[in-house]
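*Asks:* This is what each chain is made of:
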Amino acid sequence: DVKVTQSSRYLVKRTGEKVFLECVQDMDHENMFWYRQDPGLGLRLIYFSYDVKMKEKGDIPEGYSVSREKKERFSLILESASTNQTSMYLCASSTIPGLAGGEQYFGPGTRLTVT
Amino acid sequence: LAKTTQPISMDSYEGQEVNITCSHNNIATNDYITWYQQFPSQGPRFIIQGYKTKVTNEVASLFIPADRKSSTLSLPRVSLSDTAVYYCLVGRMDTGRRALTFGSGTRLQVQP
Numbered sequence: 133d134v135k136v137t138q139s140s141r142y143l144v145k146r147t148g149e150k151v152f153l154e155c156v157q158d159m160d161h162e163n164m165f166w167y168r169q170d171p172g173l174g175l176r177l178i179y180f181s182y183d184v185k186m187k188e189k190g191d192i193p194e195g196y197s198v199s200r201e202k203k204e205r206f207s208l209i210l211e212s213a214s215t216n217q218t219s220m221y222l223c224a225s226s227t228i229p230g231l232a233g234g235e236q237y238f239g240p241g242t243r244l245t246v247t
Numbered sequence: 007l008a009k010t011t012q013p014i015s016m017d018s019y020e021g022q023e024v025n026i027t028c029s030h031n032n033i034a035t036n037d038y039i040t041w042y043q044q045f046p047s048q049g050p051r052f053i054i055q056g057y058k059t060k061v062t063n064e065v066a067s068l069f070i071p072a073d074r075k076s077s078t079l080s081l082p083r084v085s086l087s088d089t090a091v092y093y094c095l096v097g098r099m100d101t102g103r104r105a106l107t108f109g110s111g112t113r114l115q116v117q118p
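First to last, the protein sequences are chains H and A. Each position in the first sequence, counted from 1, maps to that position plus 132 in my numbering. Each position in the second sequence, counted from 1, maps to that position plus 6 in my numbering.
Please note: incorrect hints may appear among the correct ones.
As the list claims (entries may be wrong) - Straight-line alpha carbon distances no greater than 30 Å define the calculated BS3-like cross-link-like pairs of lysine-lysine that follow:
(1) Lys-60(A) <-> Lys-187(H)
(2) Lys-189(H) <-> Lys-135(H)
(3) Lys-189(H) <-> Lys-75(A)
(4) Lys-202(H) <-> Lys-58(A)
What the hints assert, rightly or not - Beyond 12 Å from chain A on every Cβ pair, some chain H residues (computed):
(5) Lys-203
(6) Thr-215
(7) Thr-245
I should point out that these hints are in silico values taken from the structure, not numbers from a laboratory. Cβ atoms here follow ideal geometry from the backbone N, Cα and C, with glycine treated the same way.
Looking at chain H on its own, in the form it has when it is part of the complex (with noise of 0.2 Å):
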């Protein structure tokens, strides 16, 4: 079974750190992807990577980064943490070809809390 792991379920962090939330996926997938996910908004695509050191930007970019320096992993970088940000945060990971994102293999998500 295709396995994605996130480093944290529950995150709490203050206004202004800078987070990092990881992601790992054990299939070899080509695709990695990171959402956000808020009552009433759905999963929103903040950024995605189809191979290493690639990336682009999804509908939400702003206020975060995200780094891929091996295949297997994926990185959500919150530079200055706001409390807007607090959400529940999900990654996922596909394989090439990739229609429509492919069959997108979910982790439990990290639910992040600014104060």
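Given the coordinates of chain H, work out where chain A should sit on it, guided by the hints.
*Replies:* This is chain A only, laid out in the frame that chain H set:
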């Protein structure tokens, strides 16, 4: 980006067929349609994907009319364990058009 619209919630009873429709009026020619299921405290899980007409797998069917401006996920004979949020996703990831748009989800409540 193809914006998607789904009903916020639906109610059903065990054993009934449930149809959830997603509207995507500005879907692009090469976009695919994918549906996901999400339980509380879990990430979404893939259900089915299609491009046109009808697709069926062991858990659901996906109906897509000729104009592709909407799609309908059909769940046959639902059970209590089908209570979840269902998301419609439209887009594709190949070179030149890397766009994915999730709907805001439909909360399905199945009653005994």
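*Asks:* When the hints from earlier in the document are held up against this structure, which numbers fail?
*Replies:* Violated hints: 1 and 4; rest satisfied.
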